[in-house]
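Enquirer: So the sequences go chain by chain: A and B.
Using our numbering, read the first sequence as starting at 1 and increasing by one per residue.
Using our numbering, read the second sequence as starting at 1 and increasing by one per residue.
Certain hints may be false.
Said to hold, decoys possible - Using 25 Å as the maximum straight-line C-alpha spacing, the simulated SDA-like pairs for lysine to any residue come out as follows:
#: 1; chain 1: B; residue 1: 109; chain 2: A; residue 2: 126
#: 2; chain 1: A; residue 1: 129; chain 2: B; residue 2: 123
#: 3; chain 1: B; residue 1: 147; chain 2: B; residue 2: 114
#: 4; chain 1: A; residue 1: 35; chain 2: A; residue 2: 72
#: 5; chain 1: A; residue 1: 39; chain 2: B; residue 2: 241
#: 6; chain 1: A; residue 1: 4; chain 2: B; residue 2: 242
#: 7; chain 1: A; residue 1: 35; chain 2: B; residue 2: 81
#: 8; chain 1: A; residue 1: 129; chain 2: B; residue 2: 85
#: 9; chain 1: A; residue 1: 12; chain 2: B; residue 2: 40
#: 10; chain 1: A; residue 1: 12; chain 2: B; residue 2: 241
#: 11; chain 1: B; residue 1: 85; chain 2: A; residue 2: 68
#: 12; chain 1: B; residue 1: 64; chain 2: A; residue 2: 83
#: 13; chain 1: B; residue 1: 155; chain 2: A; residue 2: 29
#: 14; chain 1: A; residue 1: 129; chain 2: B; residue 2: 101
#: 15; chain 1: A; residue 1: 98; chain 2: A; residue 2: 83
#: 16; chain 1: A; residue 1: 17; chain 2: A; residue 2: 108
#: 17; chain 1: B; residue 1: 146; chain 2: A; residue 2: 14
#: 18; chain 1: A; residue 1: 120; chain 2: B; residue 2: 137
#: 19; chain 1: B; residue 1: 96; chain 2: A; residue 2: 122
#: 20; chain 1: A; residue 1: 120; chain 2: B; residue 2: 152
#: 21; chain 1: A; residue 1: 45; chain 2: B; residue 2: 80
#: 22; chain 1: B; residue 1: 29; chain 2: B; residue 2: 16
#: 23; chain 1: B; residue 1: 39; chain 2: B; residue 2: 288
#: 24; chain 1: A; residue 1: 8; chain 2: B; residue 2: 248
#: 25; chain 1: A; residue 1: 129; chain 2: B; residue 2: 119
#: 26; chain 1: B; residue 1: 155; chain 2: A; residue 2: 126
#: 27; chain 1: B; residue 1: 96; chain 2: B; residue 2: 174
#: 28; chain 1: A; residue 1: 120; chain 2: B; residue 2: 99
#: 29; chain 1: B; residue 1: 85; chain 2: B; residue 2: 321
#: 30; chain 1: A; residue 1: 39; chain 2: B; residue 2: 186
#: 31; chain 1: A; residue 1: 45; chain 2: B; residue 2: 311
#: 32; chain 1: A; residue 1: 98; chain 2: A; residue 2: 117
#: 33; chain 1: A; residue 1: 127; chain 2: B; residue 2: 64
#: 34; chain 1: A; residue 1: 26; chain 2: A; residue 2: 106
Claimed, not checked - Listed next, with one range per pair, are the computed distances between beta-carbon atoms:
#: 35; chain 1: A; residue 1: 71; chain 2: B; residue 2: 16; range: 15 to 25 Å
#: 36; chain 1: B; residue 1: 132; chain 2: A; residue 2: 30; range: 34 to 44 Å
#: 37; chain 1: B; residue 1: 143; chain 2: A; residue 2: 108; range: 23 to 33 Å
#: 38; chain 1: A; residue 1: 112; chain 2: B; residue 2: 313; range: 49 to 59 Å
If you are wondering where the hints come from, they were derived from the structure by calculation, not from laboratory data.
Backbone N, C-alpha and C fix where the C-beta goes; we use that ideal spot for every residue, glycine too.
Listed below, chain by chain, are the residues.
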Amino acid sequence: MEKKRLFKILSKAETEKVAEFAGSIKNSCHIVIVKEPEKSLSMVKMREPVKESLFYIGEVIICEAIVEVDGVKGVAVSMEDNFEKVLNMAIIDAACNKGIFDQYAALEQLEKEQLCETEKENAMFMKTKVDFHSMSAEG
Amino acid sequence: MAYVAVSGGEEAIEESIALLKYYRSGSKKDLELETIQNKMALLVDKVMSEAGLYSKEYAALALKQCEGSTEEAVFLLRAYRSTLKRTYYTNIVNTKDMRIIRRISAAFKDIQGGQILGATYDYTHRLIDFDLEHEDAAALYEESEKKLAEETPEKVHFCNRVSDGLKEEGLIDTFEENNEAPFDVTENLLEFPSPRSARLQTLTRADTGFISGLAYSVLRGFGQVHPTVGELRTGYVELEIPYLLDNEESIYIGEILITEVEAFNQADDKDQLKLACGYGAVYGRNENKAIAMAVIDRELDHGGDYPTQSDEFVLMHGDCLEMNGFISHLKLPHYVTFQSKLDAVRKTRRKDNE
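So that you can see chain B by itself, here it is in the shape it has in the complex:
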């Protein structure tokens, strides 16, 4: 069976692409990038995380271009990213130095620095607010600016991690700093078993739905882990790179918003005197993804026969671009291969009838 090249359909394809504009033209009102960035911030965060590229402006632009499709936006960002060279690696970011905007623990009521709810939908009623149909956006903005201006400045304090105390008590294993250069999945093909750095990078870029579903399967019994969220923190971390003209100095290049989770679990059967940790960290405010990542991280450490305990199963099937690309290819012409299948069925039917 060989593939046969066919041509035709160029005009139809051109018209089809033009029709996308028609779909985006349903209103005379423009969807400004600033609006997408600020009012669809969680969607922008999700796209940046799955693209592995932090750029609110470009994520907003990509979403505008593709009618809000996450997978198309991720595709656009990944494609654009591939046209740029990588000129720097940041100095090591340590989330102990995070300017926290939300921090909670499901393990301890009293944590050093306190539980800071930040902005969360957790306690909202989930009733549609019909007032927003005719919201005065300018008034809302001004009201928020006024509120901010009237605040009394409060110094930013960095917080130790909740796990630090458990480590001091010997309830969680401690490790020496490991400065081995991380594996980079954007430049190297994954091999199994994969190094921890490859696992974490793949999980943080993974499709949110995929790893949330996997983590849910673990909690329902298709795995070993039912963790307690030891700490969930969201906040800003500063990025620095070495100063080109003097390696003794670093320069600040900006800050990024990330969500980080440490989930506590019972250690394996042999060592029930200790707790084990799973880790998740993602771009933006996307806490369910960070929690799911922490669940899967621990599940992969634990190992076993469930799909979520298989490095290859988890890491090879969760990339937004790869999974959607592969599923999408099923729409493309398979005339020859399908004809072959059809022939085989017809032949079998003929044989059966003889």
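With the rest of the complex left out, here is chain A:
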């Protein structure tokens, strides 16, 4: 699974769900925390469409952790300050890098549920799409 996709699913997941995914890895592997979860900032770089140039709209608070699972590194970075979640995300990443993560089907199922929720919300927004009617001319 692409890292972008993996992290999108995990970032959107509840803390408890991510802990569930990491649980079996924690039980069966030797985990070393290389970098304890720590807050820092990421600057958001944007492209503006008028002159096609770049600018910074502002920063976001992120949280980062690095671990080793049986000697293989994993990294996680996520917005906000959920230390427990980001540590578990790093463990899952390391397990993926080591090739021992075996819950892809569950991840894909979770992804489907997340997408469904997003699309249901989108449906609410789409109901506000304007349907213009031309006014017939008098006379």
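Start from chain A and add chain B according to the hints.
Expert: Showing chain B alone in chain A's frame:
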């Protein structure tokens, strides 16, 4: 004239700070952060935008700490931000990939993807709803959740910009992608004339009232621009950073809500065959600020003698923290300087009487 250090007042200051708690203690009910985040979302958005820091939780906390004062909340967030190191820069965010929750155009009725009103107060009657005095918040929440659950999922489509069509027709200038590293006003002192990136970063962090007032002055005649909102879009953009262990890959770190505006104007006098664009983009749902930013952006491009056409005037006076800090300092003791002024007035009066 020299400054003279004085001491005293420590106890009074301590009591004064303690009194702030007294002001926050007016009710036995706590103001939960979740409540502020979700029910004062527009205020939270405004604070995040002016602080230049996207964190709904911390913005809510800051607002709770300072009785809802925007400038104090911005101060707290900026101060906290300065204690953290910056470890990443995101990959370039392109708002073409925005998951749109509102999108309108005042320039064209029919736009590709349609006009989506989203949630807006534009069409409300602005009459106070006294039913909210005794609202059943739990029931409201459950009703909304039920409504969401009953929706039929609808695929998210990204929309081209309204300006794309005008660019294809040659009615708006097109530019090659410019990947020059942006100027960062949080790390460098502004110099004038400022680069575009510094202008946009300063405007997006600016005090909402300040740039709204400036844009209003332009529309009233103290400027050249009376734009048409070509497109206003609000929605979520995904943030990605390079993956530390493999630069070929990126990781998703979250999504942020932003509002973006492209405003169309007549180009300058020499080139009336084309339209010019002003640009605004801000954190959260804060569309008047984004529109004002777009007005000012174009006004600064245009140049001229009005204050809103001066880089230095606009960019040096709109920062919430700096402007309020400077105004606030007027409250601090100026005993010596004031005594000097008083002496000068007395001397002049004596001379006049002689």
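Enquirer: Next, verify each hint and record whether it holds.
Expert: For each hint, the structure was consulted:
1. A C-alpha spacing of about 17 Å is found between residue 109 of chain B and residue 126 of chain A, which places the hinted pair at or below 25 Å, so the restraint holds.
2. Of the supplied pair hints, the one linking residue 129 of chain A and residue 123 of chain B holds, its CA atoms being roughly 14 Å apart against a limit of 25 Å.
3. Distance restraint check for residue 147 of chain B and residue 114 of chain B: the Cα-Cα separation of roughly 23 Å lies within the 25 Å cut-off, and the hinted pair is therefore satisfied.
4. For the hint pairing residue 35 of chain A with residue 72 of chain A, the CA-to-CA distance comes to about 14 Å; that is within 25 Å, so the pair holds.
5. For the hint pairing residue 39 of chain A with residue 241 of chain B, the CA-to-CA distance comes to about 15 Å; that is within 25 Å, so the pair holds.
6. For the given pair, residue 4 of chain A sits about 10 Å from residue 242 of chain B by alpha-carbon distance, which is consistent with the 25 Å threshold.
7. For the hint linking residue 35 of chain A to residue 81 of chain B, the alpha-carbon distance of about 21 Å falls within 25 Å, and the restraint holds.
8. Distance restraint check for residue 129 of chain A and residue 85 of chain B: the Cα-Cα separation of roughly 43 Å exceeds the 25 Å cut-off, and the hinted pair is therefore not satisfied.
9. Taking the CA atoms of residue 12 of chain A and residue 40 of chain B, the gap is about 23 Å. The hint holds against a cut of 25 Å.
10. With a C-alpha separation of about 16 Å, the suggested pairing of residue 12 of chain A with residue 241 of chain B holds against the 25 Å cut-off.
11. A hinted pair counts as satisfied when its Cα atoms are at most 25 Å apart, and residue 85 of chain B with residue 68 of chain A qualifies at roughly 24 Å.
12. Pair hint residue 64 of chain B plus residue 83 of chain A holds up; C-alpha atoms about 23 Å apart against a cutoff of 25 Å.
13. Restraint check for residue 155 of chain B and residue 29 of chain A: not satisfied, since their Cα atoms lie roughly 40 Å apart, outside the 25 Å limit.
14. Taken as a hint, the residue 129 of chain A and residue 101 of chain B pair is honoured in the structure, with Cα atoms around 10 Å apart against an allowance of 25 Å.
15. Taking the CA atoms of residue 98 of chain A and residue 83 of chain A, the gap is near 23 Å; set against the 25 Å cutoff, the hint holds.
16. Distance check on the hinted pair: residue 17 of chain A and residue 108 of chain A sit about 13 Å apart at the alpha-carbon level, within 25 Å; holds.
17. The straight-line distance between the Cα atoms of residue 146 of chain B and residue 14 of chain A is roughly 20 Å, inside the 25 Å bound, and the hint therefore holds.
18. Between the alpha carbons of residue 120 of chain A and residue 137 of chain B the distance comes to roughly 22 Å, so the proposed pair stays at or under 25 Å and holds.
19. Between the alpha carbons of residue 96 of chain B and residue 122 of chain A the distance comes to roughly 17 Å, so the proposed pair stays at or under 25 Å and holds.
20. Between residue 120 of chain A and residue 152 of chain B the CA atoms are separated by roughly 6 Å; this keeps the pair inside 25 Å, and the hint holds.
21. Note on residue 45 of chain A and residue 80 of chain B: the hinted pairing holds, with a Cα-Cα distance of about 21 Å set against a maximum of 25 Å.
22. For the hint linking residue 29 of chain B to residue 16 of chain B, the alpha-carbon distance of about 23 Å falls within 25 Å, and the restraint holds.
23. Among the hinted pairs, residue 39 of chain B with residue 288 of chain B is consistent with the structure: their alpha-carbon atoms are about 20 Å apart, no more than 25 Å.
24. At roughly 17 Å between alpha-carbon atoms, residue 8 of chain A and residue 248 of chain B fall within 25 Å of each other, so this suggested pair holds.
25. The straight-line distance between the Cα atoms of residue 129 of chain A and residue 119 of chain B is roughly 11 Å, inside the 25 Å bound, and the hint therefore holds.
26. Between residue 155 of chain B and residue 126 of chain A, the direct Cα distance comes to roughly 10 Å. Compliance with the 25 Å bound is thereby established for this hinted pair.
27. This hinted pair checks out: residue 96 of chain B and residue 174 of chain B have alpha carbons roughly 16 Å apart, not beyond 25 Å.
28. Between residue 120 of chain A and residue 99 of chain B, the direct Cα distance comes to roughly 13 Å. Compliance with the 25 Å bound is thereby established for this hinted pair.
29. As the CA atoms of residue 85 of chain B and residue 321 of chain B are separated by approximately 20 Å, the hinted pair is consistent with the 25 Å bound.
30. Distance hint between residue 39 of chain A and residue 186 of chain B is fulfilled; the C-alpha atoms sit about 19 Å from each other, no more than 25 Å.
31. For the proposed pair residue 45 of chain A and residue 311 of chain B, the alpha carbon gap of about 22 Å is at most 25 Å, so the pair holds.
32. Annotation: proposed proximity of residue 98 of chain A to residue 117 of chain A is violated, straight-line Cα distance about 32 Å (limit 25 Å).
33. Proximity of residue 127 of chain A to residue 64 of chain B is assessed by CA-CA distance (about 35 Å); at most 25 Å being required, the pair is judged violated.
34. Annotation: proposed proximity of residue 26 of chain A to residue 106 of chain A holds, straight-line Cα distance about 18 Å (limit 25 Å).
35. Distance hint check for residue 71 of chain A and residue 16 of chain B: the Cβ-Cβ separation is about 57 Å, which falls outside the suggested range of 15 to 25 Å.
36. Evaluation of the 34 to 44 Å hint for residue 132 of chain B and residue 30 of chain A yields a failure: the beta carbon distance comes to about 56 Å.
37. The beta-carbon spacing between residue 143 of chain B and residue 108 of chain A, approximately 32 Å, falls within the hinted interval of 23 to 33 Å.
38. As the Cβ distance of residue 112 of chain A to residue 313 of chain B is approximately 53 Å, the hint placing it in 49 to 59 Å holds.
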